[in-house]
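J.: In order, the protein sequence lines correspond to chains A and B.
In case it helps, my numbering puts the first sequence at residues 1 to 170.
In case it helps, my numbering puts the second sequence at residues 171 to 650.
Check before you lean on any hint, since a few could be wrong.
[Said to hold, decoys possible] 25 angstroms max Cα-Cα, derived SDA-like pairs, lysine to any residue:
| hint | chain 1 | residue 1 | chain 2 | residue 2 |
| --- | --- | --- | --- | --- |
| 1 | B | Lys254 | B | Gln467 |
| 2 | B | Lys176 | B | Lys332 |
| 3 | B | Lys176 | A | Arg159 |
| 4 | B | Lys594 | A | Ala165 |
| 5 | B | Lys185 | A | Met83 |
| 6 | B | Lys332 | A | Thr168 |
| 7 | B | Lys623 | A | Arg166 |
| 8 | B | Lys247 | A | Ile118 |
| 9 | B | Lys499 | B | Tyr462 |
| 10 | B | Lys623 | A | Leu157 |
It should be emphasised that the hints constitute simulated quantities derived from the structure, not laboratory data.
The structure presented is a predicted model; accordingly, all values stated were derived computationally and were not measured.
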Amino acid sequence: NTETFLVSLPADYPIFKYVGDVGAHDYHVLSLNNTNNDKITINPIVSARTVTHYIELQSLKKFESYMVKTCWSAVSPISIHNMDTMIVPPLQDFMGTTSEHPRFFIAFDITQDSYPTIDMLESLINVSVTNVKLGIPVDLYSTIIYILFTCGFVFALERYLNLVARITTI
Amino acid sequence: MVFIVKLTWFFLLIKALQYSLVYFSPSQFDTSTELLLKQLTNDTDHQLIDTYWNSNFYNKLLSWDSVFFLKAIVHEKSPNDIIKFEHEYAFSNIWSKLIYVIDLYIHGPLSITGKDMDINYVYRVIKVGLVVGNIIFYLSSILLYYLTILTFSNHSTDLKSKKIAEKTAFLFIISSVSGFIISIYSEPLSFMFAFIGLITRELSLNNRDTDKNGNTTELFDLKLYCWPLYVIATSLSFIIAMWNRTNCIFLGIYFLFDVFQLLYSRKFYKMIFFPLLSGILLFTAFIYKEYYVAYYQFCPERGEWCTTSIIDKVPFLTKQSFYNFIQTKYWNIGFLNYWTLNNIPNFLFALPNIIILITATIYFTKKYPTRHITPTIWITRCFLLVLIFFAHVQIINRVFSFIPIHLWFISDKLYRNEYLMFTKKTDVCHEKLEVERDGIKNMNRFTSDSDDKIIKFYLYWLLFWVPLQTIFFASFLPPA
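Bound conformation, chain B alone (with noise of 0.2 angstroms):
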């Protein structure tokens, strides 16, 4: 209780420090956010858009992906009367639609009309945007604290996966993301529903197994008496989180790594009933929102993307996903695409979560290896490959939030620094606790100085980026 009460007033100091930044930020570099809110209001006049709290703080939330979301809530209200480009099915329904929902139901339908309706339901939603985001981003802190003590109570003792999941959740609020977190952007939705995914499969995990006489053993099983919390829990927080950030298909791998965990160990009816149900779950919903419903509602009109059809009796089996096409032709992503002489300063700025997640694989896999956090490895390299060499790379700050693995990185070896620096101090000469001791020490051996160095860099970056990039993004400038 002391933990969470800790928490809310830190998210509430962050979040006061980041708005206070937000107000105070003189001037924006792209002026085109009074053009969006003209050309979605008709409020040619500009009374309300140049209102003081409006001008000086409202329309500084207008920038880079809000824009996108802002125009399909506006969408959701009047579709007849807003044309839908497809570039902008790139952006997630799904949370536009969440927002317009619980807008509708909070203030219920509009009762003024004209172009006071358009300009005030405009204010109306960003509002609701920002303290939904908001409000999510601090559940999603809570979520991922009971995710980490999940993921680590399993070879660790109770106290340290408690002080582990505290430094992860305190970390994640500061995390690179919280800079975009100020605005209407998807990404909480996305990584609330990972973090309950994951969840909910960690607690359909069994993996010690105790015999006669008491001793416990590492495995790889799942509860049979889980399956619902397995199959339909996980699998439809995952096509959520999918759905609403198609990045999040990565996820997929979780059920990946469990078929083959399964399979190794021979229980078969429980891999095909358990993580191949789950995966197929997962890949049908991809392929439904990718291919299915986006070649229906295009094709066979469009040309181009619709005429690349693999199979001809299943047409919307195209050679590339929508999502892939529009990413290509608007965003020009693709193999190496990014990598030019202009975008060196884009590197820099994802430089130091790349050095991090790297740093933190290694981690994880050579010096304190488990086969726990093995499907979150996999997940990192793959997504981190995609990043670096296919996609704008600096929105790896905010994309990789769904990926908890540098914050565990950073809280584990803290915690490990801390606990030396404590037996060092002290002179307790318990049994037990000379045995962790010495556990720790033997694990720690392996661990060079070079993680602590990354660690303080880090940090240090942190604390300067989060406010910085709050600024960028206030102020209309990059990074996106």
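If we strip away everything but chain A, and leave its shape as in the complex, we get (with noise of 0.2 angstroms):
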């Protein structure tokens, strides 16, 4: 199962430089830093009571867009939703940390989602940030050029050796 949303920063979010250090956390980050796409296996135990988690999204460039990708096998009977983004701003504390620049963060929403339903039901997710270019997440590419070259090669099948009439003509 997967649930995506777009993210881009705000057109006034500062330009700086993580440093990464703003003491133990228990959210989780992904960062960009010389990559394009990251991703992390979050593993959160899932109970009827819905929970809220957050993973911090670091090196972000301005004017970009982003997908943010959650993954869950279908054996783990949960459902994502509410996926929305949140800036803490500087020195304000959050989940018992605080940092000098602002932070930008994803938070969804978990709920276990069939029954009969388990008290602690461990679960993982994949999430993952890729960047967005023309339109397209940039891991998608590698498929897409797949699928095209096929395209290709079928037609060119078809072309050469009239693939639709020796079907019909079995």
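Work from the hints to combine the two standalone chains into their complex.
T.: Below, the structure is given as structure tokens:
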């Protein structure tokens, strides 16, 4: 199962270098430092009660858009909803941490979504952030090229071997 | 024999191409396969999940519904360790049990222990599932060949029915379901048993009566000595197909049709002891699985669905079936629920099959009417309505595989075109041939060129769609 949404930094978001030192923290971090995509696996304990999870996105560039993707296996009966972004202002405490710079978070709710409900259901969720270029997440480029190549190959085969005509005369 | 050899090579070629496309597909959009394998096997260090063949091939086959089937098979092995959630009951446990039993028969009980046992077992059943699914698919194409001969031989020459049957079998291998039968999907089991049931029904029918002068007239009757074939074999086949995939309940329309035909010809005893009895068996099996078993498994603790009993004394008879309930709750199935703007691409994915199926029903009703295919037409109409207005419409590409009416339409039309071309080119003045040619010309008068255009468009679509669907599946991209 997959849920996606697009994020981008606000125009007035300050530019600064991430030092990555906010002390010990319970939330996860995805960093696009020198890369255009990053992925982490989180292991939340999910109950029937909705729990909100926060993940900090670091080293995003202004005027760029990114696709945040959460993937979990269908064997985990959970649902992820209310995906949104959140900015923690400088020096404001968040989950016991503070930073000199503003922090950009994504937040989403996780709930159990089938019967029977389990008290402490362990689930695994892949959360990834990918740069979007020309409206397409960069991790899909290879698949799109592969699809186009296959279509071209089938087209060429049809043109030179008349596949449909051969099928019809079987 | 030549046909079987040709069909086998064709099947192997198509499967080789499809699995090559899987192997070369670069990445998966939905990255949850690794999570599934970790959760099912506790292989935290990824040693076996990331081996060359697993990461480049087998892992790519674990997309969409195959996840549920894999979990169900592993659940069969250790039911106490793995929780089965109610939405998982939408997926056939007959299919998972079959793979589990075949694996047990081939490999015997596991001799390895601990973590390795889990991961090795998972990949072992994936391989068994793939082989079993493909063998069933291949056997079904041969069954469809015989079913087509039986269906068409009642109103055409042997040569024609054979030619149509050959085309149908080849088309079936490259039909739109083919893109999914690269993985552990339950469709093959259902269409195989649907075809077996239809063959045994066809064998039980008596469609011709010959008088003293040797003249034949078309009629509808059932051969008395075929009672076991009709009531036991057909019913049992349809029941297995329906238990495996609930949509096969539509096969019951064949029994309904036969009831009305025998009622019309006033053969009351035959009506009661053949189709009515068979229909009751199928309906009882449906109630047993979708109401009785589900009710006593979950109720009354479950609440919600359990509280919708219609009759107090028969509490398991609820307002909707359990299958319907979970489909509505977890997949938002319902009247026009899928008709939203963001689902337009899914309707486009389904459009070629919707068009060809509608055209096929018109072809066999108006242009080339035959009472013999009437129940198939009614099943097509009913199932189409359900899929378009209630379900996730794009699943038409695979769930319609147990009704071969569109393949019959294409094969029949192609044969007619070939025959006309052949007779135009040759100057054969054989009387019998002339009679047949005139017959075909007369029938062809009603066949507009639009049918040919639709067939041509559909075949071109299949040519591109089957490889594309294979890539979509390997890349864990929709449609599911």
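J.: Sort out whether Lys332 of chain B lies within 25 angstroms of Lys176 of chain B, counting only the CA atoms.
T.: 14 angstroms, holds
J.: Within 25 angstroms, alpha carbon to alpha carbon, are Lys176 of chain B and Arg159 of chain A?
T.: 23 angstroms, holds
J.: Quick one, are Lys247 of chain B and Ile118 of chain A close enough, alpha carbons at most 25 angstroms?
T.: Since the Cα atoms of Lys247 of chain B and Ile118 of chain A sit roughly 21 angstroms apart, the hinted pair holds (cutoff 25 angstroms).
J.: Regarding the pair Lys185 of chain B and Met83 of chain A, is the alpha-carbon distance no greater than 25 angstroms?
T.: 40 angstroms, violated
J.: Has the given pair, Lys594 of chain B with Ala165 of chain A, been kept, meaning a C-alpha gap of at most 25 angstroms?
T.: 19 angstroms, holds
J.: Does Gln467 of chain B sit within 25 angstroms of Lys254 of chain B, going by the straight-line distance between their CA atoms?
T.: Holds, at roughly 12 angstroms.
J.: So if I understand the rule, the pair passes when the alpha-carbon distance is 25 angstroms or less; does Lys623 of chain B with Leu157 of chain A pass?
T.: Holds, because 21 angstroms separates the two Cα atoms, which is no more than 25 angstroms.
J.: Is the straight-line distance between the alpha-carbon of Lys499 of chain B and that of Tyr462 of chain B 25 angstroms or less?
T.: 19 angstroms, holds
J.: Lys623 of chain B and Arg166 of chain A: Cα distance at most 25 angstroms?
T.: OK: Lys623 of chain B and Arg166 of chain A at ~17 angstroms, within 25 angstroms.
J.: Mind checking the alpha carbons of Lys332 of chain B and Thr168 of chain A for me, to see if they're no more than 25 angstroms apart?
T.: 15 angstroms, holds
Going through the hint list in order, the structure does not satisfy hint 5, though it satisfies all others.
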